[in-house]
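Each chain is listed here by its residues.
Protein chains: 2
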Amino acid sequence: MVPRVEPLSTRPTKDVLTDALLDITAQHGLEQVSVRQVAAAAGVSIGTVQHHFPTKDAMVTAAFTEVVRRIRERVAGVALGPDVHRNLTAVLRELLPLDERRATEVRIQVAFAARAATTPSLATLQAGILADVGEAIAGAIARAGRGAVPPEEARALARIALAAVDGLALHAVSSGSWDRTALTDALDRLIDMLLAR
Amino acid sequence: MVPRVEPLSTRPTKDVLTDALLDITAQHGLEQVSVRQVAAAAGVSIGTVQHHFPTKDAMVTAAFTEVVRRIRERVAGVALGPDVHRNLTAVLRELLPLDERRATEVRIQVAFAARAATTPSLATLQAGILADVGEAIAGAIARAGRGAVPPEEARALARIALAAVDGLALHAVSSGSWDRTALTDALDRLIDMLLAR
Chain A
25 MVPRVEPLST RPTKDVLTDA LLDITAQHGL EQVSVRQVAA AAGVSIGTVQ
75 HHFPTKDAMV TAAFTEVVRR IRERVAGVAL GPDVHRNLTA VLRELLPLDE
125 RRATEVRIQV AFAARAATTP SLATLQAGIL ADVGEAIAGA IARAGRGAVP
175 PEEARALARI ALAAVDGLAL HAVSSGSWDR TALTDALDRL IDMLLAR
Chain B
25 MVPRVEPLST RPTKDVLTDA LLDITAQHGL EQVSVRQVAA AAGVSIGTVQ
75 HHFPTKDAMV TAAFTEVVRR IRERVAGVAL GPDVHRNLTA VLRELLPLDE
125 RRATEVRIQV AFAARAATTP SLATLQAGIL ADVGEAIAGA IARAGRGAVP
175 PEEARALARI ALAAVDGLAL HAVSSGSWDR TALTDALDRL IDMLLAR
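Protein chains in written order, with the working numbering: chain A, 25 to 221; chain B, 25 to 221.
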């Protein structure tokens, strides 16, 4: 007989737990997050947390999936105009740690990537998300205007753009030493290079 | 009275432990490495391992420091010629997961970065290494030849180059889906963009 998990009331859902998880991660880092902390922050039993996040991988994946959902929502909300440089800047800025909220998101993405590097099921999820985001960036580059950019060329440039932005984000949060101006300048220069071709 | 740590014989040094650590990491990932496994692989007591690696951070830092030392040694051994594109390619290839050995190194770098993102002392180490590697790349770019590149401009381009290469490496190991040809093509295209300016 499997012991019954404490029934969920109308409030404590997986969303509430994920929010608690993200809050704790913002303060202490994903490595330090425990089932006990999430339970306390969400006001539920340890059993409830274990039901939704049976493993550390499940926890990291839930946090990562929520981060990706939030980034997508913000990117979808970007008002696109006729200026491609501006459009690309607006989209890629959402991936950089330009405020505390985005810095936390980057920390979660890095923690997920570190686990995905040795866990095939997480790597599959990561591959799908990189492909999706890459397609979106390739679309923006293909509409660049100075002569049509062939789709394959746009895709290759998008892979480099996404790698460079994720690399800038990785370096910023892991060295704790870059400021907003440096990140914004680097992004501007990167987009110049991408669109100069 | 602090219990005495088992004395080191001539063989089990920190280097032997670090080698064992890297071997285990290559197979199972840094998250799964335990003091017990390292002790068994190196043929020493658990106390000896704990003496050299008192915390998980100490273990990750030792592995990372060794990886950085190996990369530096290989980069220093690159034969530089008159062709800047070729020189940059040769140097940056050492940072990409183009074989199993380098893929393991990247996994360790990513694991370290994930911890550094929430641990200030590790972030300081990371900042120093990024600055060093950035300077080396900036030096190579400054010697590009098509008119002198001002040092500040070379440094800015080097930051983007290093971010893009580390981002490509991060995406490759965390998605498990990129091949050598794709990585080499992306690097080639990136260096074209950097030197076209």
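For the record, the hints were derived by calculation from the structure and aren't laboratory data.
No experiment lies behind these values; they were computed from the predicted model shown.
Careful: at least some of the hints might be erroneous.
You can't tell identical chains apart in this list, so a pair holds if it fits in one copy or across any two.
To be verified - Below are the SDA-like pairs computed for lysine to any residue, each with C-alpha atoms no more than 20 Å apart in a straight line:
| hint | residue 1 | residue 2 |
| --- | --- | --- |
| 1 | K80 | G53 |
| 2 | K38 | A50 |
| 3 | K38 | T89 |
| 4 | K80 | S58 |
| 5 | K80 | D39 |
Results of checking the hints against the structure:
In this homomeric assembly, K80 and G53 come within 20 Å of each other (Cα to Cα) both inside a single copy, at 13 Å, and across copies, at 15 Å. Taking the closest pair of Cα atoms, K38 and A50 come within 20 Å of each other only inside a single copy of the chain (18 Å); across copies the shortest separation is 34 Å, beyond that limit. Taking the closest pair of Cα atoms, K38 and T89 come within 20 Å of each other only inside a single copy of the chain (12 Å); across copies the shortest separation is 39 Å, beyond that limit. Taking identical chains as interchangeable, the C-alpha atoms of K80 and S58 lie at most 20 Å apart whether they share a chain (9 Å) or sit on different chains (16 Å).
With identical chains, the CA atoms of K80 and D39 are at most 20 Å apart within one copy only, with a shortest distance of 17 Å there and 31 Å across copies.
Violated hints: none; the structure is consistent with every hint.
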